[in-house]
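Trainee: Please put together the full structure from these sequences, using the hints given.
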Amino acid sequence: MSANEFYSLRVNGKTHQVQDSWVGESLLYVLRERLGLPGTKGACEQGECGSCTVLMDDAAVCACLVMAATAINSEIVTVEGITTDSTLTDVQQSFVDEGAVQCGFCTPGLIVAVHHLLEKNPQPSEFEVKEAISGNICRCTGYGRVFAAVEATIRSRNAGK
Amino acid sequence: MATSSTVTKPRDILGSSALRPDGAHKVQGSFEFTSDMHAENMLWGATLRSPHPYARIVSIDTSAALALSGVQCVITASDVPGKPTYGLISSDQPVFAQDFVRYMGEPVAAVAADHPETCRRALALINVVYEVLNPLTDPEDAVSGAHDPIHPDGNIIRHQRIIRGDQTATGPIVVEGEYVIGMQDQAFLGLEAALAIPDPDGLGVHLHVATQWLHEDLSQISACLDLPAEKVRLTLGGVGGAFGAREDISLQVHCCLLALKAGRPIKMQYSREESFFGHVHRHPATIFMRHHADANGKIIKIDARFVFDGGAYTSTSPAVLINGITHTQGPYKCDNATVDGYAVRTNNPPCGAMRGFGVVQACFAHESQMDKIAAAVGKSPVEVRLINAMVTGDPLITGQIMESVAPVARCITETDVIPLPEPLGTTVNELALPGGSGLTASRSNIVRGIGWGVSMKNLMYSEGFDDYATARCILKDGVASLKFATSEVGQGFVTLAPQIARSVLGVDEVIIEPIDTQIGSAGSTSASRQTWMSGGAVDGACRLVRERLFHHVGKMHDIDPLRLVIDGTDVVDQLGTFRISVADSSDGIEISETFEHHHRATEELDENGQGNCHTAFAFVAHRAVVDVDPELGLVKVVQIATAQDVGRVLNPLSAIGQLEGGIAQGLGLAVMEEIVMKDGKVRNPSFTDYLLPTALDAPDVIAVMIEEYEPQAPLGAKGIGEPPCISVTPAIVAAIRNAIGKDIERIPVRPQDICL
Numbered sequence: 000m001s002a003n004e005f006y007s008l009r010v011n012g013k014t015h016q017v018q019d020s021w022v023g024e025s026l027l028y029v030l031r032e033r034l035g036l037p038g039t040k041g042a043c044e045q046g047e048c049g050s051c052t053v054l055m056d057d058a059a060v061c062a063c064l065v066m067a068a069t070a071i072n073s074e075i076v077t078v079e080g081i082t083t084d085s086t087l088t089d090v091q092q093s094f095v096d097e098g099a100v101q102c103g104f105c106t107p108g109l110i111v112a113v114h115h116l117l118e119k120n121p122q123p124s125e126f127e128v129k130e131a132i133s134g135n136i137c138r139c140t141g142y143g144r145v146f147a148a149v150e151a152t153i154r155s156r157n158a159g160k
Numbered sequence: 000m001a002t003s004s005t006v007t008k009p010r011d012i013l014g015s016s017a018l019r020p021d022g023a024h025k026v027q028g029s030f031e032f033t034s035d036m037h038a039e040n041m042l043w044g045a046t047l048r049s050p051h052p053y054a055r056i057v058s059i060d061t062s063a064a065l066a067l068s069g070v071q072c073v074i075t076a077s078d079v080p081g082k083p084t085y086g087l088i089s090s091d092q093p094v095f096a097q098d099f100v101r102y103m104g105e106p107v108a109a110v111a112a113d114h115p116e117t118c119r120r121a122l123a124l125i126n127v128v129y130e131v132l133n134p135l136t137d138p139e140d141a142v143s144g145a146h147d148p149i150h151p152d153g154n155i156i157r158h159q160r161i162i163r164g165d166q167t168a169t170g171p172i173v174v175e176g177e178y179v180i181g182m183q184d185q186a187f188l189g190l191e192a193a194l195a196i197p198d199p200d201g202l203g204v205h206l207h208v209a210t211q212w213l214h215e216d217l218s219q220i221s222a223c224l225d226l227p228a229e230k231v232r233l234t235l236g237g238v239g240g241a242f243g244a245r246e247d248i249s250l251q252v253h254c255c256l257l258a259l260k261a262g263r264p265i266k267m268q269y270s271r272e273e274s275f276f277g278h279v280h281r282h283p284a285t286i287f288m289r290h291h292a293d294a295n296g297k298i299i300k301i302d303a304r305f306v307f308d309g310g311a312y313t314s315t316s317p318a319v320l321i322n323g324i325t326h327t328q329g330p331y332k333c334d335n336a337t338v339d340g341y342a343v344r345t346n347n348p349p350c351g352a353m354r355g356f357g358v359v360q361a362c363f364a365h366e367s368q369m370d371k372i373a374a375a376v377g378k379s380p381v382e383v384r385l386i387n388a389m390v391t392g393d394p395l396i397t398g399q400i401m402e403s404v405a406p407v408a409r410c411i412t413e414t415d416v417i418p419l420p421e422p423l424g425t426t427v428n429e430l431a432l433p434g435g436s437g438l439t440a441s442r443s444n445i446v447r448g449i450g451w452g453v454s455m456k457n458l459m460y461s462e463g464f465d466d467y468a469t470a471r472c473i474l475k476d477g478v479a480s481l482k483f484a485t486s487e488v489g490q491g492f493v494t495l496a497p498q499i500a501r502s503v504l505g506v507d508e509v510i511i512e513p514i515d516t517q518i519g520s521a522g523s524t525s526a527s528r529q530t531w532m533s534g535g536a537v538d539g540a541c542r543l544v545r546e547r548l549f550h551h552v553g554k555m556h557d558i559d560p561l562r563l564v565i566d567g568t569d570v571v572d573q574l575g576t577f578r579i580s581v582a583d584s585s586d587g588i589e590i591s592e593t594f595e596h597h598h599r600a601t602e603e604l605d606e607n608g609q610g611n612c613h614t615a616f617a618f619v620a621h622r623a624v625v626d627v628d629p630e631l632g633l634v635k636v637v638q639i640a641t642a643q644d645v646g647r648v649l650n651p652l653s654a655i656g657q658l659e660g661g662i663a664q665g666l667g668l669a670v671m672e673e674i675v676m677k678d679g680k681v682r683n684p685s686f687t688d689y690l691l692p693t694a695l696d697a698p699d700v701i702a703v704m705i706e707e708y709e710p711q712a713p714l715g716a717k718g719i720g721e722p723p724c725i726s727v728t729p730a731i732v733a734a735i736r737n738a739i740g741k742d743i744e745r746i747p748v749r750p751q752d753i754c755l
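Residue numbers (numbering that gives the first Met the number 0), protein chains in the order written: chain A, 0 to 160; chain B, 0 to 755.
What the hints contain is simulated information worked out from the structure, not anything from laboratory work.
Among the hints, a few may not be true.
Said to hold, decoys possible - Just a few of them, taken from the derived set where beta-carbon distance is under 7 Å, the chain B residues facing chain A: (1) Leu-18; (2) Pro-20; (3) Gly-22; (4) Glu-116; (5) Tyr-269; (6) Ile-662; (7) Ala-663; (8) Ser-685; (9) Phe-686; (10) Leu-695.
Where a beta carbon is used, it is the ideal one built from N, C-alpha and C, also for glycine.
Mentor: Right, dumping it as structure tokens:
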């Protein structure tokens, strides 16, 4: 490829230089293939499945729909940056404990989406939860255990208050 | 805090909700799926596919692609050194099309280049001249012979009859219908991916691949590469779901060929669009059924005709056909049957394995028929099913005796007592209405319906296949290491296997060695078989190790080994006071045992479809409640109640995940999911146009697991993966019929099927 584009991206609080990139590369491709952050998954490349959900300036977006070079002035958070700790967040722990993970391919996107939901709306109704994650397709679980994981997180946060 | 308490964590043995060992990595995004893999000096591979359903290849010119900067190599059929074809049952599918392309999306060439975009540009530069031919797209034309053979093996893949009992039997009640099932996609999230690394000497290859069956892949790949099996090594890469779509070869041979030709590692991964063309789908089928019943609704005879559209190549069509026709009766007694079944070749996409494997199609037909019988005799759907419910010891229409535990009536009655949902309120969140957000349906138009589906599903392989799984257990210093080639696709065998070892050996620390071909085959992760088969193999290996441990302990401590048992984490003398922890008992020695679990032999069917062709069966009942907007043709599935025959629950959390996940896939087939074909062309190969159930489509699921220990099963547990997605589909369709009072004989049910 003709490869002479240089820019930097702010991802998970750090500045990353993107070199030798073709300008048409999506944020999903650049995160995975150039910045060594494969936690963000690609499954439809059309913004339908939510596997590539990341936060961009505090909005949940599909990284497959964002041209990486247009994200240069944004703060991006991926599943790898949800916590700086090596321990699991309460959302992540609930996903494991409640059986919300099977093949796990949709999981990183769901983790980002649920963190974002509970940040914006700590006490979501059942329908607010369903609507918030309706852009994240899961083919294994049928969503029942995912709902259980979100409910468990809310319960534990309420109990901890 | 002045006080402290000791919390004893329950041991993760069989019956507990042990958590996934890969769970933490999966929620952190650090679990390595095959598509996440990289190798030094790696190139990307990509596939050129036919745009035509049927055409003769006049010429292929790859020179312009080869001349493109960044392209390493281009390969076509002439670069396949070994067998030019592959296939699970019949080796009739070309690695690359040579003379003809027989379906839209058939591979014609592949390239290796430095960037996925270079690959795309190179593919566009390959000049293939086609002579477009008239495609065979109507399966009935294959049955009747109206179309010339599109393949040297002919247009009939398999024909099988079942002739049982009195062929002239009839009854006062006769109901019939012709049922049409659309083409469903497995739609796993983790797209096809592989990384092939050639040996330094160029005489072998190591393939990391997301697959359901490593050893079957190995034998097909090595034949095409013309390499001895030991020169091809497969390691399971992280698998993002499977549901049948990874049982056939997709990119495996292409990826290895490119790696060997380029002399560099090759990574291939399909896009979603390519994935729709790159793997087999659930067979579309047309099924005619006529049931004769007595005045009480008891089945007297069934006449049926099945036509499964196998698409261009055989894949597993012969086995899907047999599964379909041998499940004509469903979970009901039936003494007389005349069944005719065809699996045919067309220029539609190849069809093969998908969760439910032929039984999904049969079940939609027989359950629709049961409701027609109920209506004809004035009984409820539950009553007519209970009157006919099969029990252990009943003969099937194949003459095989039902030897499995068969709690059909319990499945129905225990589902029936599950409370129905509250009626839809007068004011309701729009997201709860059919069509969801956007205020498409209005509350006043909504009608509610209730419907039933009950099913029988064979477990494991059939028709004489010597089905087995292999596992090795090594015990050292109280740590068990397990080795098997069982594909973990998300179902949770990596959770279950350690549970088995902990239960049998009394250890807590269990290591799973890499899943690869450096041990005997485990068979496929399909047919609801791995808990039974690989579970049986792990159990067997652990039991052999335990026996040797008892001999060692007996010798060291002068106790008859027959007196020793494992109690929790200790070896204990049942007749004395001796007790020693497993960890301390082996004195540093290593005990290694390998076990192959075979299920009992099955037979092929004779020309009248008679024979003990299946291994075992499981049963399930589903009751669906739906809300329908009859004017807009929109459906919301409100609740699914289910009681499933599981034998024994080995991991409650995993089990409920299988039930809920299967129900969502069955819901998809009922009201959403279809690969739309026109003249042999796929019209909707994307997640924008192929609709999958979302969180807002998910019904409330209330599930009961019926535990009646299955004596044939090594752990007492039946396979539970497929039944959830089988009878939920007819249950939902029955509920729609119940709501709107209109017969619907086609799935998925589209808005126009309801409102026009």
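Trainee: All hints are to be evaluated individually against the structure, with a verdict given for each.
Mentor: Against the structure, the hints come out as follows:
1. Leu-18: holds (6 Å)
2. Pro-20: Violated, because the Cβ-Cβ distance from B/Pro-20 to chain A comes to roughly 10 Å (cut-off 7 Å).
3. Gly-22: The hint holds - B/Gly-22 has a Cβ within 7 Å of chain A, the shortest such distance being about 4 Å.
4. Glu-116: OK, holds: B/Glu-116 within 7 Å of chain A, min 6 Å.
5. Tyr-269: Not OK, violated: B/Tyr-269 not within 7 Å of chain A, min 11 Å.
6. Ile-662: Holds: closest Cβ of chain A sits about 6 Å from B/Ile-662, inside 7 Å.
7. Ala-663: B/Ala-663 check passes; min Cβ-Cβ to chain A is 3 Å, inside 7 Å.
8. Ser-685: With a minimum Cβ separation of about 6 Å from chain A (threshold 7 Å), the hint on B/Ser-685 holds.
9. Phe-686: Check passed: Cβ of B/Phe-686 comes within 4 Å of chain A, closer than 7 Å.
10. Leu-695: holds (5 Å)
Hints 2 and 5 from the list above are not met by this structure, while the remaining hints are.
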